[in-house]
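J.: Put chain B on the given structure of chain A with help from the hints.
Protein chains: 2
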Amino acid sequence: MSEFATRLTQRMLRHGPLCAGIDPSAATLAKCGLPDSAEGALEFGKLILRAADGEVAVVKPQSGFFERFGSAGMKAIEELAALARAQEVPVLLDVKRGDIDSTADAYAHAYFHPSSPVRVDAITLSPYLGVQALKSSFELAAAQGCGIFVVVRSSNPEGEALQTARMADGRMVWETLAAEITAFNKLLSKHPVGPIGAVVGATCSDAGAVVAALPHSFILSPGIGAQGATLGDCRVRMAAARGRILPNVSRELIAKGTTAEAIGATIRRLNSEARALLA
Amino acid sequence: MSEFATRLTQRMLRHGPLCAGIDPSAATLAKCGLPDSAEGALEFGKLILRAADGEVAVVKPQSGFFERFGSAGMKAIEELAALARAQEVPVLLDVKRGDIDSTADAYAHAYFHPSSPVRVDAITLSPYLGVQALKSSFELAAAQGCGIFVVVRSSNPEGEALQTARMADGRMVWETLAAEITAFNKLLSKHPVGPIGAVVGATCSDAGAVVAALPHSFILSPGIGAQGATLGDCRVRMAAARGRILPNVSRELIAKGTTAEAIGATIRRLNSEARALLA
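First to last, the sequence lines map onto chains A and B.
According to this note's numbering, the stretch in the first sequence is residues 6 to 284, in order.
According to this note's numbering, the stretch in the second sequence is residues 6 to 284, in order.
The following block holds chain A by itself, in its conformation from the complex:
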């Protein structure tokens, strides 16, 4: 198994499969009584980390909410990532980058290189420029023991038409992407799970077929909670991926209160329910 897959699988078994989203939107910061600033965003991230107390698979800061504060927001990501990693909580930074050639390499370098100030364990990438354009990013991730989650089927309804369009050979866009990701995982790792995961929305009615086409990938599954899907949907729809599913919950984390205790209780409950995805 790749270093990333080994670490993540062990964590999922020991600490549960939950992915705790860190989405410091203006609305969330207001709800938590925190200022709408880089400092507030960092405090919110620390609050989620404290509440989780190590008992999640990964934390997933959403870059967009930090980028609102420019360099100060990026500094907050740096501090948050370093803090999480010091507590051995892996960081999946949700950046949905995607570019070609030397620019693609620069993004991979930015988030995976040991000397980078924003070094994290995994990032999300968007594949509109073609999965093959991400090849060198995949290789750099694997070489650094990191992971990449490629958006394959997004949780929002507006993405379906494009993601299910038919390529020249008759396969759907997501089918081709899944096949390419699977090929890369075989190339980059001799073990059952490789470093290239996929984002597949728990809201997607075709999620079962999608994850079945990704037998060597971790599945990051957004859409649970505010977007309408449940952990039960995840379990039923993604049966083929049991043991490899990271259900992401973000806004739901503060639905029952915004103290570390309340958020901690919510995380423990969700993570406990999510353990059904491991069986």
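Rather than coming from a laboratory, the hints here were simulated on the basis of the structure.
Since the structure is predicted, the reported quantities are computational estimates derived from the model, not experimental observations.
Ideal Cβ placement from N, Cα and C applies to all residues, glycine included.
Do not rely on the hints blindly, as some may be mistaken.
Stated by the list, open to error - Now the in silico label distances, taken between C-beta atoms and shown as ranges:
hint, chain 1, residue 1, chain 2, residue 2, range
1, A, Arg55, B, Lys140, 32 to 40 Å
2, B, Ala270, A, Glu257, 41 to 49 Å
3, B, Glu44, A, Gly59, 31 to 39 Å
4, A, Gly175, B, Gly38, 18 to 26 Å
5, A, Glu44, B, Ala281, 48 to 56 Å
6, B, Ala87, A, Ala32, 24 to 32 Å
7, A, Asp58, B, Glu84, 37 to 45 Å
8, B, Glu44, A, Pro162, 20 to 28 Å
9, A, Ala260, B, His196, 38 to 46 Å
T.: The following block gives chain B in isolation, referenced to the frame of chain A:
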């Protein structure tokens, strides 16, 4: 015409249509004798600005090369963007972001809100989650007098299969995107050119058909120089978009020397040739 389109059209007529890319890769910084650091990246950006001396349509910093340096890199973008804007040179920040719901709003806020530290004139977005998911970003851009360039047909060969896949109604992905962008431009502006532009590679053999389907958009055209296309290709292939084409040149800018004088001479030559795209 939208405020963005008015400003950009005037600039293209007065100062030429060239988009000067600012891509401080490690290789480029080494070639210029600059350190591979945020300071080096900022110096490189200033060098291009000084060399251009206002005689370009826009400058396009490539975010990935700055993100390598974390918050210090983002600070360099802030300083560079402020400097360019103080010289009335519009900044198109190439970030290729793309997300949904409140995250999409956060990205638009990050780059267009007057209070944002990284306020720029335009950004690029990637449409894998569906153009409709970008609606509120388009609206915020328009409200702030800013522009968005959606990647429709990328300049790299790996993107073609996905971008030409057929949606359920038989239209290709790029055709649907182009129609949706055109509808948004009509909605957001009563004038011939709207705030939602498109990225169409000069290298694409179908570029003519693509730009013909985008009658109300500026066309940012990468792929010239290092990727193999010429300004002549742009002129021939994109005849339908004359007057609205921004040809981007990045690596080519330092091909004939790395002093401000040499780069300035290259920019003047390319911008002069590019004026053929206005006629």
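J.: Between alanine 270(B) and glutamate 257(A), does the C-beta distance stay in 41 to 49 Å?
T.: violated (58 Å)
J.: Holds or violated: 32 to 40 Å for the Cβ distance of arginine 55(A) and lysine 140(B)?
T.: holds (36 Å)
J.: For the hint 24 to 32 Å, verify it against the beta carbon of alanine 87(B) and that of alanine 32(A).
T.: Check passed, 29 Å falls within 24 to 32 Å.
J.: Does 18 to 26 Å hold as the CB distance between glycine 175(A) and glycine 38(B), or does it fail?
T.: At 53 Å between Cβs, range violated.
J.: Do glutamate 44(A) and alanine 281(B) keep their Cβ atoms within the hinted range of 48 to 56 Å?
T.: holds (51 Å)
J.: Against the range 31 to 39 Å, how does the distance between the Cβ atoms of glutamate 44(B) and glycine 59(A) compare: consistent or not?
T.: holds (38 Å)
J.: Starting from the hint 38 to 46 Å, judge whether the C-beta atoms of alanine 260(A) and histidine 196(B) obey it.
T.: holds (45 Å)
J.: A range of 20 to 28 Å was offered for this pair. Does it hold for the Cβ distance of glutamate 44(B) and proline 162(A)?
T.: The hint (20 to 28 Å, Cβ to Cβ) is violated, given that glutamate 44(B) and proline 162(A) are roughly 45 Å apart.
J.: Verify the CB-CB distance for aspartate 58(A) and glutamate 84(B) against the hinted window 37 to 45 Å.
T.: holds (40 Å)
In this structure, the hints that do not hold are numbers 2, 4 and 8, in rising order.
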